[in-house]
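Put chain B on the given structure of chain A with help from the hints.
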Amino acid sequence: MIASARSWVDIYLTEMRIAIQQQLQYRVANYFYMIGMIAEPVIYLVVWTTVAEQQGGAVGGLDSGELAAYYIVWTLVRNMNIVFTPFGWENRIREGTFSGELLRPMHPIHYDLGYFAGWKVVVILLWLPLAAVLSLLFHPTATITPLGVVTFAIAIWGAYLIRSLNQSSLGMVTFWTTRVGPVFDIYFTAELLLSGRLVPMSLMPDWVQQIAWLLPFQWTFGFPIEALVGGLSPEQLLGGLAMQALWIAIGAVVLRRMFSIAVRRYSAVGG
Amino acid sequence: MRAISLFLTFLRVGALNELQYRANLAIQLLESGISVFTGLVVLALVFSQVPALNGWSQPELLAVLGVYTLVGGVIGMLIQPNMERLITDVRQGTLDYILTKPDDSQVLVSVREIRIWRVVDVILGFVIIGVALVQLQGTLGPLDAVAFVVALLLGSAMVYCFWLLLTTAAFWIVRMDEIVELFMGLYASGRWPVTIYPDWLRFGLTFLVPVAFAVTIPAEALTGRLTPELLAGAAAFALALLLVTRWFWRVGLRRYAGASA
Numbered sequence: 119m120i121a122s123a124r125s126w127v128d129i130y131l132t133e134m135r136i137a138i139q140q141q142l143q144y145r146v147a148n149y150f151y152m153i154g155m156i157a158e159p160v161i162y163l164v165v166w167t168t169v170a171e172q173q174g175g176a177v178g179g180l181d182s183g184e185l186a187a188y189y190i191v192w193t194l195v196r197n198m199n200i201v202f203t204p205f206g207w208e209n210r211i212r213e214g215t216f217s218g219e220l221l222r223p224m225h226p227i228h229y230d231l232g233y234f235a236g237w238k239v240v241v242i243l244l245w246l247p248l249a250a251v252l253s254l255l256f257h258p259t260a261t262i263t264p265l266g267v268v269t270f271a272i273a274i275w276g277a278y279l280i281r282s283l284n285q286s287s288l289g290m291v292t293f294w295t296t297r298v299g300p301v302f303d304i305y306f307t308a309e310l311l312l313s314g315r316l317v318p319m320s321l322m323p324d325w326v327q328q329i330a331w332l333l334p335f336q337w338t339f340g341f342p343i344e345a346l347v348g349g350l351s352p353e354q355l356l357g358g359l360a361m362q363a364l365w366i367a368i369g370a371v372v373l374r375r376m377f378s379i380a381v382r383r384y385s386a387v388g389g
Numbered sequence: 106m107r108a109i110s111l112f113l114t115f116l117r118v119g120a121l122n123e124l125q126y127r128a129n130l131a132i133q134l135l136e137s138g139i140s141v142f143t144g145l146v147v148l149a150l151v152f153s154q155v156p157a158l159n160g161w162s163q164p165e166l167l168a169v170l171g172v173y174t175l176v177g178g179v180i181g182m183l184i185q186p187n188m189e190r191l192i193t194d195v196r197q198g199t200l201d202y203i204l205t206k207p208d209d210s211q212v213l214v215s216v217r218e219i220r221i222w223r224v225v226d227v228i229l230g231f232v233i234i235g236v237a238l239v240q241l242q243g244t245l246g247p248l249d250a251v252a253f254v255v256a257l258l259l260g261s262a263m264v265y266c267f268w269l270l271l272t273t274a275a276f277w278i279v280r281m282d283e284i285v286e287l288f289m290g291l292y293a294s295g296r297w298p299v300t301i302y303p304d305w306l307r308f309g310l311t312f313l314v315p316v317a318f319a320v321t322i323p324a325e326a327l328t329g330r331l332t333p334e335l336l337a338g339a340a341a342f343a344l345a346l347l348l349v350t351r352w353f354w355r356v357g358l359r360r361y362a363g364a365s366a
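Just so you know, the sequences run in chain order A and B.
Position one of the first sequence corresponds to residue 119 (the numbering used here), numbered consecutively onward.
Position one of the second sequence corresponds to residue 106 (the numbering used here), numbered consecutively onward.
The hints are simulated quantities; they were obtained by calculation from the structure and are not laboratory data.
Treat the numbers as computed from the prediction; the structure is a model and nothing was measured.
All clues given are correct.
Derived, one-sided and incomplete: chain A residues facing chain B with beta-carbon distance under 10 Å:
{"#": "1", "residue": "Y149"}
{"#": "2", "residue": "Y151"}
{"#": "3", "residue": "I153"}
{"#": "4", "residue": "M155"}
{"#": "5", "residue": "V164"}
{"#": "6", "residue": "A170"}
{"#": "7", "residue": "L255"}
{"#": "8", "residue": "T307"}
{"#": "9", "residue": "L310"}
In silico negatives: residues of chain B with every beta carbon more than 10 Å from chain A:
{"#": "10", "residue": "T114"}
{"#": "11", "residue": "L124"}
{"#": "12", "residue": "G181"}
Covered stretches of chain B (in silico footprint by chain A; criterion: 3 or more residues with CB under 8 Å from a CB of chain A, positions within the stretch not fixed):
{"#": "13", "segment": "274-282"}
{"#": "14", "segment": "291-303"}
Yeah, the Cβ is synthetic: ideal placement off N, Cα and C, and Gly gets one too.
Same shape as in the complex, but just chain A:
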């Protein structure tokens, strides 16, 4: 039992080490990627700050400093949300490289989780100077509590796990058809609108907020951000972590079930 747990940890650490070493070589490419991504929250931030100023200083209960804090933390959470995508599964299956992965002794999701987790370490390092520059430019304000920081540190990894599991489950669709871009697009649009990525959820109409509460999206995006800078109460922080735990469990069960059905359909030529 202990030996098997140790070998699991070993595989994760090895995958992480490989990712860190690989990705540190491509610092410029990683920065290009991150700068392209940072444009999105900066746009939202400017638009909503303009709206807040026109309304006398605040919109949806957030003033410009709080909006800045929200969208700066957004940039890290967005990066934590990048996982092995359904498009990656599409490639694996269409090109047959999945055959090789099936020969490995563990479920493929573990290698993906380990690799991307290692990449996150590089991303967090590269993010720190970007966050400093954004803070100088946009003057964020927030009340940060020790409990909020701890919750945030856990929640970003919870978010990473939920999104990895969900995206891989979605990727299982590619075992049946290899052109699923539009299906994914609909999913990503729902996620964009209901996660707190486009706007803080407090800016959405009530009925949208109620729907969002029942879906996994905001627990991977809005919740980690608000845990750090949203002034949530201890009950809200713990409640959010509980929702994350629930979605991790659901995601794991769904992926396990779907994978066992999907993999029977797999066939490849070459690869």
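Only chain B this time, still in chain A's reference frame:
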């Protein structure tokens, strides 16, 4: 002239190739529809809070969204596929095949790939602009219309230059796949008129990444904000950018060493 005839030949071949895959049209329709839907939701959210954003009314911002969609379609149809292929060719050494052809290499790398179904975005862009113009109830004079077309062409040329300048960097930095993310991320700022951004960002979006020229200035022509001086300035800047791009392409090309094509 030769460049235009080459472009038309590649356009025909590209169109013939893609017309074989008609299901892609349905996919493109859905993808473009989703993208426009998201844009409309954001506009609705903003205008549920305020009557006008920094002096731009709802129909005016709808016109901006139309131009954004239209230019995005042009980029996706003509510019992006060529640049992506160029990056791959430099990395794999297959650019050899272009360099051994008896024609201008910059023209060849710029016209050989076409994604014809992205024309959906171009059409959708025109439809949104049409709806916005009806809502504006203004009269778009023939001069405004000409200014709009000219601004659109200049803007597209500048986007092309910007993208080729970045892609040329592939001769030095080999892995450039992320450039697509970088550009599309920055281009998304064009959903809003650049006048809403802080000064430093507006400067960047005008002269470093020509989003202002590509989207805001054509939209200004539609909403009666464009002055002749601004249009002349855009023309001068476009010309300068074309010359710089040409020079940089030649410098970059000298760095190229085909390895294993």
